[in-house]
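2 protein chains.
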Amino acid sequence: MIKEKGQILLDYINKYVSLSEAEEAILLSMVTYRKYLKGQFIVQQGDVCKYECFVLSGCTKTFHIDDEGQEHIVMFSIEDWWTSDMGSFITQTPADYNVQCLEKTEMIMFSHDIIEDLYAAIPKLERFFRQIIQKAFVASQKRIVRSFSLSAKERYVYFRNQYPKIEQRIPQYMIASYLGITKEFLSKIKSQLILEQ
Amino acid sequence: MIKEKGQILLDYINKYVSLSEAEEAILLSMVTYRKYLKGQFIVQQGDVCKYECFVLSGCTKTFHIDDEGQEHIVMFSIEDWWTSDMGSFITQTPADYNVQCLEKTEMIMFSHDIIEDLYAAIPKLERFFRQIIQKAFVASQKRIVRSFSLSAKERYVYFRNQYPKIEQRIPQYMIASYLGITKEFLSKIKSQLILEQ
DNA sequence: AATAAATGTTAATCTAGATTAACATGATTT
DNA sequence: AAATCATGTTAATCTAGATTAACATTTATT
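Protein chains in written order, with our numbering: chain A, 23 to 219; chain B, 23 to 219.
I should point out that these hints are in silico values taken from the structure, not numbers from a laboratory.
Glycine included, each C-beta is placed from N, C-alpha and C at the ideal position.
Some hints here could point you the wrong way.
As the list claims (entries may be wrong) - So the derived label-pair ranges between C-beta atoms look like this:
| hint | chain 1 | residue 1 | chain 2 | residue 2 | range |
| --- | --- | --- | --- | --- | --- |
| 1 | B | D33 | A | S213 | 55 to 63 Å |
| 2 | A | N183 | B | K27 | 39 to 47 Å |
| 3 | A | F63 | B | E176 | 42 to 50 Å |
Claimed, not checked - If you want the footprint, here are the derived chain A segments under chain B, 3+ residues with CB under 8 Å:
| hint | segment |
| --- | --- |
| 4 | 109-122 |
| 5 | 155-165 |
| 6 | 186-196 |
To be verified - Pairs of lysine to aspartate or glutamate, EDC-like flavour, derived with a Cα cap of 16 Å:
| hint | chain 1 | residue 1 | chain 2 | residue 2 |
| --- | --- | --- | --- | --- |
| 7 | B | K164 | B | E176 |
| 8 | A | K164 | B | D88 |
| 9 | A | K164 | B | E93 |
| 10 | B | K157 | A | E189 |
| 11 | A | K187 | A | D102 |
| 12 | B | K164 | A | E101 |
| 13 | B | K27 | B | E46 |
| 14 | B | K146 | A | D139 |
| 15 | A | K146 | B | D139 |
| 16 | B | K146 | A | E138 |
| 17 | A | K164 | B | D118 |
| 18 | A | K157 | B | D118 |
| 19 | B | K164 | A | D118 |
Work out the full structure, taking the sequences as your base and the hints as a guide.
So this is what it looks like as structure tokens:
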């Protein structure tokens, strides 16, 4: 793997745990670097998800297609975030979600085949992943509360403040899907907000 | 701690990792057993959450009170489940949620003061908690998708099938809150379902 | 530059679910 | 047994957001 790409991952991990140089070398030898083009899929609903992916650059959407064929976006992932279908990854059963690149995207990929060996070789990673999953879980629970306690307009304003960088690079109809509303209604909300200020 | 109560926890943990007898003894010496009465609070919104709790018996609700004073139930916890405000627990900042007992409830409590020592003494627990939090995160993400892709009636039917035991012991208006609908509308849904079958 | 494809807007109409309010039942307390 | 409190039901009215459809703008492709 290209050394400077690996360093981005190591810097990220070292914010949570401190790896020795030997551990860093082992880690980088066990993961893989890969580029995807805009539109390519990392995971497809129904397939078994083989990788947990750390995004180096670019952007992905994670979405579910329901029985009526409607697309529901669960999350976006940009630099320094993770993406995959974790449920599928940990149980090795068919994925509920698609993960698709919205831009040219660079990833570091942790294969299911090596993840147990990796934990065995570097037990600290168990702690590292526990910590980042805890954060993700907490964020997910807060999002459930927001989906029930806030109006669509309030959710949009929250999203815009929370993720200003994401809003700029993603089409509005995808943000509507993430917020659980139609693109038409988001358009209405935006024009209301312009009138208000 | 009462030995047979500790055994319930050990049995649960040993489904994920296998503890030696020495580790089991250390674990039980570091956690505490406690009983709560119906109505008592384990965590109160605004306080810092000091404990991760494993429910031995009884039932709790985790809820958030929003700016309008509305209560939103995030989860119920019964036997063999966990409860706390994890966000508050890991960052030791004020809690977003209340956790209140709906019945007389027995818990085993992991204090924030000992949790790091516990991980140091029994590294396997790092793996154990990673695994259960992964499961919780996956469930939470699926719930977000359901909240956007299913109607209130569909969400209720799903809940009833998924947690038949919980439905029986909890007042209907709390189930409505968990589903993100009013008690009046849940009542309407139930009468519709009776007519349908 | 012209065309096509993707994205965004506006407005009319419709509906799932909220709100309000009155009443019913059941459990607890005195 | 009466009274109080918690829980559940029904029905009328209201509203946030969906649906439909027509059009506008921006971006990509030839």
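Hint by hint, here is what the structure shows:
Distance hint for D33 of chain B and S213 of chain A: a CB-CB separation of about 58 Å, consistent with the stated range 55 to 63 Å. The hint said 39 to 47 Å for the Cβ distance between N183 of chain A and K27 of chain B, and at roughly 46 Å that hint holds. At about 28 Å, the beta-carbon gap between F63 of chain A and E176 of chain B misses the expected band of 42 to 50 Å. Three residues within the 8 Å Cβ limit are the bar, and the segment 109-122 of chain A against chain B gives 3, so the coverage statement holds.
As drawn, the segment 155-165 of chain A meets chain B at 10 residues by the rule of a beta-carbon pair under 8 Å; at three or more, the given contact holds. Counting residues of the segment 186-196 of chain A whose beta carbon lies closer than 8 Å to any beta carbon of chain B gives 0, which falls below the threshold of three, so the coverage claim is violated. Pair hint K164 of chain B plus E176 of chain B holds up; C-alpha atoms about 14 Å apart against a cutoff of 16 Å. Restraint check for K164 of chain A and D88 of chain B: satisfied, since their Cα atoms lie roughly 12 Å apart, inside the 16 Å limit.
The suggested pairing of K164 of chain A with E93 of chain B holds, with an alpha-carbon distance near 14 Å, which does not exceed 16 Å. Annotation: proposed proximity of K157 of chain B to E189 of chain A is violated, straight-line Cα distance about 29 Å (limit 16 Å). With a C-alpha separation of about 13 Å, the suggested pairing of K187 of chain A with D102 of chain A holds against the 16 Å cut-off. Between K164 of chain B and E101 of chain A the alpha-carbon distance is near 24 Å, which puts this suggested pair outside the 16 Å criterion.
Between K27 of chain B and E46 of chain B the CA atoms are separated by roughly 13 Å; this keeps the pair inside 16 Å, and the hint holds. Proximity of K146 of chain B to D139 of chain A is assessed by CA-CA distance (about 15 Å); at most 16 Å being required, the pair is judged to hold. In summary, the hint linking K146 of chain A to D139 of chain B is supported, as the alpha carbons are separated by about 15 Å, within the 16 Å threshold. A distance of roughly 13 Å separates the Cα atoms of K146 of chain B and E138 of chain A; the hinted pair therefore holds under the 16 Å criterion.
Only pairs whose Cα atoms come within 16 Å are accepted, and K164 of chain A paired with D118 of chain B is accepted, the gap being roughly 9 Å. With a C-alpha separation of about 14 Å, the suggested pair K157 of chain A and D118 of chain B falls inside the 16 Å cut-off, and the hint holds. For the proposed pair K164 of chain B and D118 of chain A, the alpha carbon gap of about 9 Å is at most 16 Å, so the pair holds.
Hint violations for this structure: numbers 3, 6, 10, 12, all remaining hints satisfied.
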